[in-house]
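Asker: Generate coordinates for the entire structure from the input sequences, incorporating the hints supplied.
Going down the list, the sequences are from chains R and A.
Just so you know, we're using the numbering used here here: the first sequence kicks off at 1 and counts up by one.
Just so you know, we're using the numbering used here here: the second sequence kicks off at 1 and counts up by one.
Take these hints with a grain of salt, some might be off.
Put simply, identical chains are the same to the list, so a pair is met inside one copy or across any two.
What the hints assert, rightly or not - With a straight-line cut-off of 30 Å between C-alpha atoms, the simulated DSSO-like cross-links for lysine-lysine are:
#  : residue 1 : residue 2
1  : Lys114    : Lys80
2  : Lys430    : Lys87
3  : Lys235    : Lys345
4  : Lys57     : Lys330
5  : Lys114    : Lys87
6  : Lys345    : Lys260
7  : Lys251    : Lys235
8  : Lys112    : Lys87
9  : Lys260    : Lys22
10 : Lys260    : Lys349
Don't read these hints as lab results, they were simulated from the structure.
Because the structure is a prediction, the values reported are computed rather than measured.
Listed here are the chains, written in short residue letters.
There are 2 protein chains.
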Amino acid sequence: MGNNLTKRSQDYSKWYNELVVKADLAENAAVRGCMVIKPYGYAIWERMQAELDRMFKETGHSNAYFPLFVPKSLFEAEEKNAEGFAKECAIVTHYRLENDPDHAGKLRVDPKAKLEEELIVRPTSEAIIWNTYKNWIQSYRDLPILLNQWANVVRWEMRTRLFLRTAEFLWQEGHTAHATKQEALDEAVLMNDVYARFVEGFMGIPVIQGTKSESERFAGAVETYCIEALMQDGKALQAGTSHFLGQNFAKAFDVKFANKEGGLEHVWATSWGVSTRLMGALIMTHSDDQGLVLPPNLAPHQVVVVPIYRGEEERSRVIDAASELAKSLKEAGIRVHLDSRDTHKPGFKFNEYELKGVPLRIGIGPKDIEKGTVELARRDNLSKSFVAQEGLATHVAGLLDEIQQNLFDRALTFRNDHITEVDSYTDFKKVLKEKGGFVSAHWDGTTETENKIKQETKATIRCIPLNNPSEEGVCVFSGAPSNQRVLFAKAY
Amino acid sequence: MGNNLTKRSQDYSKWYNELVVKADLAENAAVRGCMVIKPYGYAIWERMQAELDRMFKETGHSNAYFPLFVPKSLFEAEEKNAEGFAKECAIVTHYRLENDPDHAGKLRVDPKAKLEEELIVRPTSEAIIWNTYKNWIQSYRDLPILLNQWANVVRWEMRTRLFLRTAEFLWQEGHTAHATKQEALDEAVLMNDVYARFVEGFMGIPVIQGTKSESERFAGAVETYCIEALMQDGKALQAGTSHFLGQNFAKAFDVKFANKEGGLEHVWATSWGVSTRLMGALIMTHSDDQGLVLPPNLAPHQVVVVPIYRGEEERSRVIDAASELAKSLKEAGIRVHLDSRDTHKPGFKFNEYELKGVPLRIGIGPKDIEKGTVELARRDNLSKSFVAQEGLATHVAGLLDEIQQNLFDRALTFRNDHITEVDSYTDFKKVLKEKGGFVSAHWDGTTETENKIKQETKATIRCIPLNNPSEEGVCVFSGAPSNQRVLFAKAY
Numbered sequence: 001m002g003n004n005l006t007k008r009s010q011d012y013s014k015w016y017n018e019l020v021v022k023a024d025l026a027e028n029a030a031v032r033g034c035m036v037i038k039p040y041g042y043a044i045w046e047r048m049q050a051e052l053d054r055m056f057k058e059t060g061h062s063n064a065y066f067p068l069f070v071p072k073s074l075f076e077a078e079e080k081n082a083e084g085f086a087k088e089c090a091i092v093t094h095y096r097l098e099n100d101p102d103h104a105g106k107l108r109v110d111p112k113a114k115l116e117e118e119l120i121v122r123p124t125s126e127a128i129i130w131n132t133y134k135n136w137i138q139s140y141r142d143l144p145i146l147l148n149q150w151a152n153v154v155r156w157e158m159r160t161r162l163f164l165r166t167a168e169f170l171w172q173e174g175h176t177a178h179a180t181k182q183e184a185l186d187e188a189v190l191m192n193d194v195y196a197r198f199v200e201g202f203m204g205i206p207v208i209q210g211t212k213s214e215s216e217r218f219a220g221a222v223e224t225y226c227i228e229a230l231m232q233d234g235k236a237l238q239a240g241t242s243h244f245l246g247q248n249f250a251k252a253f254d255v256k257f258a259n260k261e262g263g264l265e266h267v268w269a270t271s272w273g274v275s276t277r278l279m280g281a282l283i284m285t286h287s288d289d290q291g292l293v294l295p296p297n298l299a300p301h302q303v304v305v306v307p308i309y310r311g312e313e314e315r316s317r318v319i320d321a322a323s324e325l326a327k328s329l330k331e332a333g334i335r336v337h338l339d340s341r342d343t344h345k346p347g348f349k350f351n352e353y354e355l356k357g358v359p360l361r362i363g364i365g366p367k368d369i370e371k372g373t374v375e376l377a378r379r380d381n382l383s384k385s386f387v388a389q390e391g392l393a394t395h396v397a398g399l400l401d402e403i404q405q406n407l408f409d410r411a412l413t414f415r416n417d418h419i420t421e422v423d424s425y426t427d428f429k430k431v432l433k434e435k436g437g438f439v440s441a442h443w444d445g446t447t448e449t450e451n452k453i454k455q456e457t458k459a460t461i462r463c464i465p466l467n468n469p470s471e472e473g474v475c476v477f478s479g480a481p482s483n484q485r486v487l488f489a490k491a492y
Numbered sequence: 001m002g003n004n005l006t007k008r009s010q011d012y013s014k015w016y017n018e019l020v021v022k023a024d025l026a027e028n029a030a031v032r033g034c035m036v037i038k039p040y041g042y043a044i045w046e047r048m049q050a051e052l053d054r055m056f057k058e059t060g061h062s063n064a065y066f067p068l069f070v071p072k073s074l075f076e077a078e079e080k081n082a083e084g085f086a087k088e089c090a091i092v093t094h095y096r097l098e099n100d101p102d103h104a105g106k107l108r109v110d111p112k113a114k115l116e117e118e119l120i121v122r123p124t125s126e127a128i129i130w131n132t133y134k135n136w137i138q139s140y141r142d143l144p145i146l147l148n149q150w151a152n153v154v155r156w157e158m159r160t161r162l163f164l165r166t167a168e169f170l171w172q173e174g175h176t177a178h179a180t181k182q183e184a185l186d187e188a189v190l191m192n193d194v195y196a197r198f199v200e201g202f203m204g205i206p207v208i209q210g211t212k213s214e215s216e217r218f219a220g221a222v223e224t225y226c227i228e229a230l231m232q233d234g235k236a237l238q239a240g241t242s243h244f245l246g247q248n249f250a251k252a253f254d255v256k257f258a259n260k261e262g263g264l265e266h267v268w269a270t271s272w273g274v275s276t277r278l279m280g281a282l283i284m285t286h287s288d289d290q291g292l293v294l295p296p297n298l299a300p301h302q303v304v305v306v307p308i309y310r311g312e313e314e315r316s317r318v319i320d321a322a323s324e325l326a327k328s329l330k331e332a333g334i335r336v337h338l339d340s341r342d343t344h345k346p347g348f349k350f351n352e353y354e355l356k357g358v359p360l361r362i363g364i365g366p367k368d369i370e371k372g373t374v375e376l377a378r379r380d381n382l383s384k385s386f387v388a389q390e391g392l393a394t395h396v397a398g399l400l401d402e403i404q405q406n407l408f409d410r411a412l413t414f415r416n417d418h419i420t421e422v423d424s425y426t427d428f429k430k431v432l433k434e435k436g437g438f439v440s441a442h443w444d445g446t447t448e449t450e451n452k453i454k455q456e457t458k459a460t461i462r463c464i465p466l467n468n469p470s471e472e473g474v475c476v477f478s479g480a481p482s483n484q485r486v487l488f489a490k491a492y
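Answerer: If you want it as structure tokens, here you go:
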């Protein structure tokens, strides 16, 4: 028995790719760079969506839906944004197929059905949305606009990986419009904080909140806030971003409002998003060589009950007892699955649920029935124990909370152990090479230095942490003066 | 005061278009044929989604996600399906833009970034899904597969109307795979029934379940089940379809399974979908000359509380009382909105909520506080009454149920009054012209007759009702023998 998964220590990247497929989360599609999100993976994503959606609504946002296609003339209106995405857009040029006269039963693009203006499949929706907001905003009374949309977007990446970087992905994108700069800044900070609370509190993944350096900013943003997580292989992963867009899009699309004094001003903007990439962060934060490890909050099944028996007589007794147990857990609000399949042995099932990361497994056989106990197996630390059937639901509910907390604590310890302060470029490179993780170092604040470090080490500035302490020092690369440390890392 | 809506009797089509925009449901986007679904419209769609999703899961289905793009070679594999959608596809041919050397700041399609194989933006997903199922299905143990996806699709329609027919729309599409013909047929019937229960029970729209004639079938289906609703102008609207696809897609994509006896068979399939078109059905079934009318199940706000006061002193007293009322309703599980805006007069608010279809409006002023009453206004029949504040939540909950039922009953009466049996082609045309609605008539079963009737009257066969009684007769058009009546109508 075993799951035949490559070990993380052997080849982390291969372990990840195998795990995503073997745990039934997703697979590569027949379309280059695109993925199929399988039911088990999608069920986890649905749980993320539900919680995020609740948090967005709690903070005053509503959902809406804007078109998939962006006419080229709108796409190019905000020049920096257009420049940032121009190299990776899918472009619709025609709207009809016709029979191919040379190949019976085949179709070809109808050259007569060429669009007058090409349509860009949205890589992000600022352009189409700000072109719409223009008609919605006349006065300060129309502000703020606090919208979000759940959508698919397309970025034609050359090197793709399931969940982490795919040509099409699912995400949410918030787009807000404000009367003042301060209000927009507050919104960008608030939504970054919502992301941090969600990713830490719900997904059990510790993150560092910060701002991006100029070169890592979203194309078209004045300031990009982000949450940065650390994966088990010591590489960072940007888990969410929230952008203060200033008046850039309002100017590009001529969106002005009459303020209380009757003057006309450009509107202030934010946008913020997280995507199915979070699935990658989830996998690479908690999982192990046995397979996926899911925090109870995200697990489609928090508990699986596996009946253990030999022969028909035992079977009916054990299934009855297992059903009763499952029922009592369900009544306590626990997402429980009773696996009564007769076609698979318990060992096969144990293996399957380990691979799929179910937080708690309950085994029950004839001896357990006699003793009034069950066997409980925790997925997070692989420990097993026998506990009484009486009061099981309460015990399980407590254990699920404990597992959720344990996963976060474990990840936090690992992350904190992998923030290393260095004061020389030699140490910088040594830490990156031998230990990985975040390297906290002084930087002279120039894009030039940042680029050179990136070229030489592949490390980028992940963020300048919020509330970063002021500290006099010199840039590890250039020796120029610096008044704060920033976090570098290799990243996904 | 007033909403300046065109009256239905003047111009039904204009009334509809105005209502969609004025009630803040949706608007035309800058992209030809596409729409922006505004927050209020989207909130209604979200309620539909939530209930449908619950019903799908209750009947054993899971959600998944498949790519937006379909490579041309897969798209054309099932010939009838391809033929049915070839004339209305958006086609991606390039994956990069470049700076336009002739126009500074503008972009153009990079001719070097032409795709080897064009990608079709999915008009429906059978092709990409069955190409995927091929890898998932080896044995009968892998069946059934019961999946659904919530997605956007694109059909390049030439004449578009908000919600009813747009180039991009949102929908769900179920795609199931089965070991036997009977199981697939049962699934198609079951899901059509789920649609009927949802549309009647949740949306308050009566429907007739039936099957389509051959010429109205989904491209690639062996049998199409449908639910047909009747709009207030006497035109029918297809509200949902469920297709028995036979083995057509399994054959096109070579999807076989080993049966229990070890033989290889092609897999049986269904697909089924409803879309944002349901928003159009909702509007055209219940609304009136004053604006939108929402069934309580779908209303983002089931009740709005409008405080009525003059001056500061009254204001604080009335707002306090209104808040208490709103709180008690909320605690009873009612979706209530307290409109305490100081910038708008009660009359303006009344008008706004009438236009937006809020089922119940509660007005409360100083006199109501003295008397311990409130004024209740029902949106469905525009009646008003004074009721006691004590026990209000119970009363309101009961009223909401009553309104939900009343809307359905009213629509059912209208629909039943508009099913007219005719036995001659003269009467057929007369009823269509003067009364509208469904015309129940004998038909000789040929596509030729169907097409001629369509050419001459614009009426199509909406469906052959399920459990249709057998009745000897002659075709109203050809005089050929017929053994059942079918339902004709002009349709959206």
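Asker: Work down the list of hints and note, for each, if the structure agrees.
Answerer: We went through each hint and held it up to the structure:
For the homomeric pair Lys114 and Lys80, the shortest alpha-carbon distances inside one copy (28 Å) and between copies (24 Å) are both at most 30 Å. Taking the shortest alpha-carbon separations for Lys430 and Lys87, neither the intra-copy value of 35 Å nor the inter-copy value of 60 Å comes in at or below 30 Å. Taking CA atoms no more than 30 Å apart as the test, Lys235 paired with Lys345 passes in neither setting, with 39 Å inside one copy and 58 Å between copies. For the homomeric pair Lys57 and Lys330, the shortest alpha-carbon distances inside one copy (28 Å) and between copies (17 Å) are both at most 30 Å.
In the homo-oligomer, the alpha carbons of Lys114 and Lys87 lie at most 30 Å apart both inside one protomer (22 Å) and across protomers (13 Å), since each shortest distance falls under that limit. Within a single copy, Lys345 and Lys260 get their C-alpha atoms only as close as 72 Å, which misses the 30 Å cut-off; across copies the closest is 20 Å, which meets it. Taking CA atoms no more than 30 Å apart as the test, Lys251 paired with Lys235 passes in neither setting, with 38 Å inside one copy and 46 Å between copies. In this assembly of identical chains, the alpha carbons of Lys112 and Lys87 lie at most 30 Å apart whether taken from the same copy (27 Å) or from different copies (12 Å).
Taking the shortest alpha-carbon separations for Lys260 and Lys22, only the inter-copy value of 26 Å comes in at or below 30 Å, while the best intra-copy value is 59 Å. Within a single copy, Lys260 and Lys349 get their C-alpha atoms only as close as 66 Å, which misses the 30 Å cut-off; across copies the closest is 22 Å, which meets it.
In the structure shown, a violation is registered for the earlier hints numbered 2, 3, 7, in ascending order.
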